[in-house]
Amino acid sequence: MKLRDIQKLLQAEVICGEDRLDTEIDSAGASDLMSDVLAFGKPGLLLITGLSNAQSVRTADIIEARAIVYVRGKKPDKEGAELARKKGIPILSTRFMMYRTCGLLYSHGLPGIIETEEKKQR
Amino acid sequence: MSEKNGLFQKFEIAGGDFSRAGSVSTKIKEILKEIGIEPSVVRRAAIVAYEAEMNVVMYARKGEFSLYLTPHFIRMNIKDEGSGIPDIDLAMQEGYSTATDEMREMGFGAGMGLPNIKKNADKFEISSEVGKGTALDVIIRLNQAGKE
Chain A
31 MKLRDIQKLL QAEVICGEDR LDTEIDSAGA SDLMSDVLAF GKPGLLLITG
81 LSNAQSVRTA DIIEARAIVY VRGKKPDKEG AELARKKGIP ILSTRFMMYR
131 TCGLLYSHGL PGIIETEEKK QR
Chain B
60 MSEKNGLFQK FEIAGGDFSR AGSVSTKIKE ILKEIGIEPS VVRRAAIVAY
110 EAEMNVVMYA RKGEFSLYLT PHFIRMNIKD EGSGIPDIDL AMQEGYSTAT
160 DEMREMGFGA GMGLPNIKKN ADKFEISSEV GKGTALDVII RLNQAGKE
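Sequence order for the protein chains is A and B.
Under this note's numbering, the first sequence has 89 at position 59, and the numbering climbs by one with no breaks.
Under this note's numbering, the second sequence has 175 at position 116, and the numbering climbs by one with no breaks.
If we strip away everything but chain A, and leave its shape as in the complex, we get:
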């Protein structure tokens, strides 16, 4: 699924990374706990979170997430937005809540991290 499809599906605003909407996304994970993301995140993942401070962008950078979706209409703070631009990490902001965001993406075929791993092992 392309990031552009995700943006349309979530009716999301593009905060940064307009030029990267053709990026292919093949797995997603959702959490507000950055330590959980650090523990279970895989490179290339779409990070769905309600935590919109700079730490979410740093975490995305550390685990090499491909893009971030902020839920409940959240926007990054100034530092987070600057870091995302510098690191080339696109950020989308959707007004949908976490549950709906995940449900929409999942039902349109975007799997979670563990399922992507299972598929590779098969």
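I should point out that these hints are in silico values taken from the structure, not numbers from a laboratory.
Each hint should be verified, as a subset may be incorrect.
Unchecked claim - In silico lysine to any residue, SDA-like type, Cα no more than 25 Å apart, as pairs:
| id | chain 1 | residue 1 | chain 2 | residue 2 |
| --- | --- | --- | --- | --- |
| 1 | A | Lys72 | B | Gln152 |
| 2 | A | Lys72 | B | Arg134 |
| 3 | B | Lys178 | A | Glu94 |
| 4 | B | Lys182 | A | Pro73 |
| 5 | A | Lys116 | B | Ile94 |
| 6 | B | Lys121 | B | Glu161 |
Once you've looked at the hints, dock chain B against the given chain A.
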């Protein structure tokens, strides 16, 4: 264990400075990436660095992060001056946390930090003195020769 023929850099971490928290780890990741270390190893080192840096920011007055890079391993020493850990075994348990609301609002303090560091390390040592501070010594091997 020899640390000659390598790279050594020292970084200062300011305790309580949540706005800059993570900047040392971002820098370390950039250094390792530029040198051409294998991406999966860079990632593990970056996770260790980030969790360790966050611990200093959250629980200490200040800390010192030393990065050593040799042809065989990455070594990270993180020493802080802070409250220290009264019960290390308890702190190593996933989910155990003494975090404040402010820390949790940053997305941390879920009791995953030290277990995450240990999980990504090939060698992990921790020592702590209550009222003085905590020291971590982490080694990530770059190849079989990095074994002691």
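Taking only the CA atoms, is the gap from Lys72 (chain A) to Gln152 (chain B) under or equal to 25 Å?
-> Holds - the C-alpha atoms of Gln152 (chain B) and Lys72 (chain A) are around 23 Å apart, at most 25 Å.
Pair hint outcome, Lys182 (chain B) versus Pro73 (chain A) [Cα-Cα no greater than 25 Å] | holds, 23 Å
When you check the alpha-carbon spacing of Lys72 (chain A) and Arg134 (chain B), does it fall within 25 Å?
-> holds, 23 Å
Holds or violated: are the alpha carbons of Lys178 (chain B) and Glu94 (chain A) at most 25 Å from each other?
-> Cα-Cα ~18 Å, so holds.
Are the Cα atoms of Lys121 (chain B) and Glu161 (chain B) separated by 25 Å or less?
-> holds, 18 Å
Given pair status - Ile94 (chain B), Lys116 (chain A), alpha carbons within 25 Å | Within the cut-off at roughly 20 Å; holds.
Every hint, counting from the list given before, is met by this structure.
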